[in-house]
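K.L.:
Listed here are the chains, written in short residue letters.
There are 2 protein chains.
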Amino acid sequence: MTDFAATKAMFHLPEGVIYLDGNSLGPLPLAARDRIGSAMQDEWGEMLITGWNKAGWMAKPMALGDRVGQLIGAEPGHVVMGDTLSIKVYQAVASALELNPARKVVLSDNGNFPTDLYMVEGLLKSLGDGYELRVVDPEAVADNITEEIAVLMLTEVDYRTGRKHDMKALTELSHANGVLTVWDLAHSAGALPVDLAGCRADFAVGCTYKYLNGGPGAPAFIYVAPRHADAARPALSGWLGHDAPFAFDLNYRPGKGIERMRVGTPPVLQLTALEAAMDVWDMADMADVRAQSIALCDQFIEGVEAACPELTLASPRDSAVRGSQISFRFEDGYAAMQALIARGVIGDFRAPDIMRFGFTPLYIDQTDVARAVEIIADVMQNRLWDRPEYKVRAAVT
Amino acid sequence: MTDFAATKAMFHLPEGVIYLDGNSLGPLPLAARDRIGSAMQDEWGEMLITGWNKAGWMAKPMALGDRVGQLIGAEPGHVVMGDTLSIKVYQAVASALELNPARKVVLSDNGNFPTDLYMVEGLLKSLGDGYELRVVDPEAVADNITEEIAVLMLTEVDYRTGRKHDMKALTELSHANGVLTVWDLAHSAGALPVDLAGCRADFAVGCTYKYLNGGPGAPAFIYVAPRHADAARPALSGWLGHDAPFAFDLNYRPGKGIERMRVGTPPVLQLTALEAAMDVWDMADMADVRAQSIALCDQFIEGVEAACPELTLASPRDSAVRGSQISFRFEDGYAAMQALIARGVIGDFRAPDIMRFGFTPLYIDQTDVARAVEIIADVMQNRLWDRPEYKVRAAVT
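Residue numbers (our numbering), protein chains in the order written: chain A, 128 to 524; chain B, 128 to 524.
Worth flagging that the hints you see were computed from the coordinates, not collected in a lab.
Simulated crosslink set (SDA-like; lysine to any residue; CA at most 20 Å straight-line):
1) A:LYS252 <-> B:LEU226
2) B:LYS252 <-> A:ASN378
3) A:LYS383 <-> A:PHE373
4) A:LYS135 <-> A:GLN493
5) A:LYS181 <-> B:ARG470
Starting from the given sequences, assemble the full structure and let the hints guide the process.
P.N.:
Dropping the structure here:
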């Protein structure tokens, strides 16, 4: 059984704060602070250019890819880190479309995170005539998986509501219709068990600054199923995805398997922070994390619903079809969230009316949830959100 | 007059090392080490998600873009940081091609850094029939700028030899033929004066881990001329380039001007290190840096040629057509470079036979150059490179 008191002690959590926004940016692992300090001085400072070999900088994208891969059920050697999630979406969908050349429609849903849709919109414009991005309601996805579709691109867990798609069933249905799948695991990796190999997913992408606690701007990851890895063409064909980057050939020749999905120089400082953050997972079992996440979410729903009739549950009540967050709808949700943040309960707001709270057992426990419920009840019952200063919108919400 | 002793004191330089590889990875600015420490603890640690506003994380790509822009002659508000140089090349060339839709040929030269060619090769494959990447000798570029060419993409300073293109003349010739230009400033930014606005360059891209000392994996930058900024379509259309990223619209609407070239979540830790590194430039005048760089380069050529007849100058002798590095050809250059590194003179090797040395006045002075020449002379005159251990190739050269 995972010792969650021990994992909680591995993070810096500010005094007086209950942090329910780890689904947006995970908190600082103490080891990351120390590791970055020594990477700056002992690696960059002392090794200079030789750090690429001596400190293993060049190997980090593959080594860390495997550590992330273990949490998402990927075959070893089939995940690599780099770039941002937006870029990795582009790479995955571009590759998937080429592997299914007779078709031109990408299917997604309107619960997807917008950048996934934007990137594909941009890609399809470049590809030209006939390509189409078809966006349907989440509930209508299955019915729209037809022999017309080239690629199904979905985010497994909805960023606003936490609604969770059935990856295995939708992937099977896709394959039965000759459709390839691209799964965005932004709200899955580190939040719940994922079994990419078992689901026979074709491509997957995700970020590491949420449930993996890699820090602001931590790099993304991409997975390509072994059966596609040596056939997929990386539309973003950069030198570090070349079969021999330091031969400096004039022509591109893709590297072996997932290595070809590397593009440019890896962000060593960000990878160093992420590497330290991944050590927390050596202490945690994903099945325990999932069970504890469900318990915390259920405790939160029960407490908030009992105390705050103004708040309407936006997340599924059934934990089997829910990720690791709970959202409530409230017309003045933006102001209410500011009032909560002022009282030390940090969640976030998503337009138009969603108050979002993430539950992350690695550092949030039952006592935190009980205290958060009390504070929410106080804010709502006493209309503490109804003050002008809470209604001023910040640049980043 | 720039006080180069003062700028040198702003870097950590390992004891006993003469670092002539700042053209590949700049050394650690002391301020970067301190700044990262406080960003980890006081920003990520204490502010958590609120750091995006409170610590100004979200504004860094534009703020730092302007600071880099000052060194390359860009109009204020027309440079933004993000991604890697490879990704920014893709973005720039994709946009430029769309702005010149009647033509389908991208012209470049075989002195370009390979990833630029690879990225365009990948892009043109996605764009489909009729697109062509035409790669000629550097000396043949001007003659190949014709009305058939859509985009001229060149790296101003050759990564192997330091040969420098005439940006102003080639841009003028391009415009006279209806060709748009994409300039890669990887070996220019921070190395020599660049006047993007004065040259009427259309697009420019570059990296910040070389002469700008931003650290391993520091982000790239992109410039779009004001006359194109609101017309260019970012093929990589991510949410942070959206006009209203936090409205979470389902459809993409490009942001104003250069903001649209942002893609995904910015790498805050890397940007923090770069921000500290840019402070060094508050102490330095680019004209002084250039004059001192030429003096150091000339001193090095003279010293090495006098002592080492086996080494053949690969860089232009004329400083007017040269960047801030000096390269020599030597058949056993790889082993010779390892022998030098073992003796504290760090340069690097580029296949097949190039020994490359960068001269960076911010932290390299005449005494360093004189000492480096002595050590090179010792290695060459006594064939110290001719040992088996120096011939074993590392993964990253």
